Amino acid sequence: GENVEQHPSTLSVQEGDSAVIKCTYSDSASNYFPWYKQELGKRPQLIIDIRSNVGEKKDQRIAVTLNKTAKHFSLHITETQPEDSAVYFCAASNRDDKIIFGKGTRLHILP
Amino acid sequence: DAGITQSPRHKVTETGTPVTLRCHQTENHRYMYWYRQDPGHGLRLIHYSYGVKDTDKGEVSDGYSVSRSKTEDFLLTLESATSSQTSVYFCAIRRTSGGYNEQFFGPGTRLTVL
Numbered sequence: 001g002e003n004v005e006q007h008p009s010t011l012s013v014q015e016g017d018s019a020v021i022k023c024t025y026s027d028s029a030s031n032y033f034p035w036y037k038q039e040l041g042k043r044p045q046l047i048i049d050i051r052s053n054v055g056e057k058k059d060q061r062i063a064v065t066l067n068k069t070a071k072h073f074s075l076h077i078t079e080t081q082p083e084d085s086a087v088y089f090c091a092a093s094n095r096d097d098k099i100i101f102g103k104g105t106r107l108h109i110l111p
Numbered sequence: 001d002a003g004i005t006q007s008p009r010h011k012v013t014e015t016g017t018p019v020t021l022r023c024h025q026t027e028n029h030r031y032m033y034w035y036r037q038d039p040g041h042g043l044r045l046i047h048y049s050y051g052v053k054d055t056d057k058g059e060v061s062d063g064y065s066v067s068r069s070k071t072e073d074f075l076l077t078l079e080s081a082t083s084s085q086t087s088v089y090f091c092a093i094r095r096t097s098g099g100y101n102e103q104f105f106g107p108g109t110r111l112t113v114l
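So the sequences go chain by chain: B and P. Quick note: the first sequence uses our numbering, first residue 1, plus one each step. Quick note: the second sequence uses our numbering, first residue 1, plus one each step.
Among the clues, some could well be false.
Claimed, not checked - From the structure, some residues in chain B lie toward chain P, with a derived Cβ separation under 7 Å:
#	residue
1	29
2	32
3	39
4	43
5	44
6	93
7	99
8	101
9	103
Hints listed in this document are in silico derivations from the structure and should not be mistaken for laboratory results. Since we're looking at a predicted model, the values are computed, not measured. Even glycine gets a Cβ: it sits at the ideal position worked out from N, Cα and C.
Taking the hints into account, I'd like the entire structure generated from these sequences.
This is the structure:
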């Protein structure tokens with residue numbers, strides 16, 4: 001079955017700097033890669049996703065990249081702000097009914 | 001919020017007692033999921049449903065059962081709760097977008113088993 005590895009588990013960056021979170025997956029049939037943000041005490045919220053027919057996708061300060069050959073995908077946050085502090089989860093899904101989540105990255109934005 | 005509610009939002013119970021958590025959705029989605037979230041483990045799938053009376057196991061299904069007698073409700077039951085089942089439980093629905101598995105989560109239930 002699919003296995004998703006996520007790194008780092010904790011990341012601290014200065015406000016205004018960029019943050020990068022990386023994930024790898026094992027199932028070459030996976031074709032959908034969502035990213036979720038979870039603030040303390042809240043539900044995970046879908047913030048961006050990328051599909052296997054696309055190499056990069058941007059939404060304001062957030063971008064995701066996908067390298068199908070290497071089976072890895074990344075989340076990039078530019079010009080980080082205090083409200084970016086949260087736990088971020090990557091996930092992977094093929095055409096079956098399930099998605100598999102990484103274990104999460106706790107992002108701290110330092111003032 | 002994809003019209004998903006969970007009840008109760010918090011529950012404290014004792015080892016050995018049965019517990020049922022409810023997930024309710026208002027948008028007629030076919031797929032519904034139950035996850036548990038624990039520190040260091042991320043989100044792990046317990047069970048899911050792909051239609052009324054159609055369910056299947058996830059990676060951590062031992063000690064849990066589910067039922068879906070109508071589209072809008074997906075129930076998770078712990079027949080005899082154990083301390084290892086202390087966790088935050090999230091329900092999710094799937095919006096099928098071009099065949100892709102977009103999932104949206106309910107607000108969660110924090111369960112403590114003493």
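Hints and how they fare:
1. 29: Given a least distance of 13 Å, the restraint on residue 29 of chain B is violated.
2. 32: Holds, about 4 Å.
3. 39: Cβ of residue 39 of chain B sits 12 Å from chain P, so the hint is violated.
4. 43: holds (4 Å)
5. 44: Given a least distance of 5 Å, the restraint on residue 44 of chain B holds.
6. 93: Nearest chain P Cβ about 4 Å off; hint holds.
7. 99: holds (5 Å)
8. 101: holds (4 Å)
9. 103: With a minimum Cβ separation of about 4 Å from chain P (threshold 7 Å), the hint on residue 103 of chain B holds.
Going down the numbered hints, you'll see the structure goes against 1 and 3, while the others check out.
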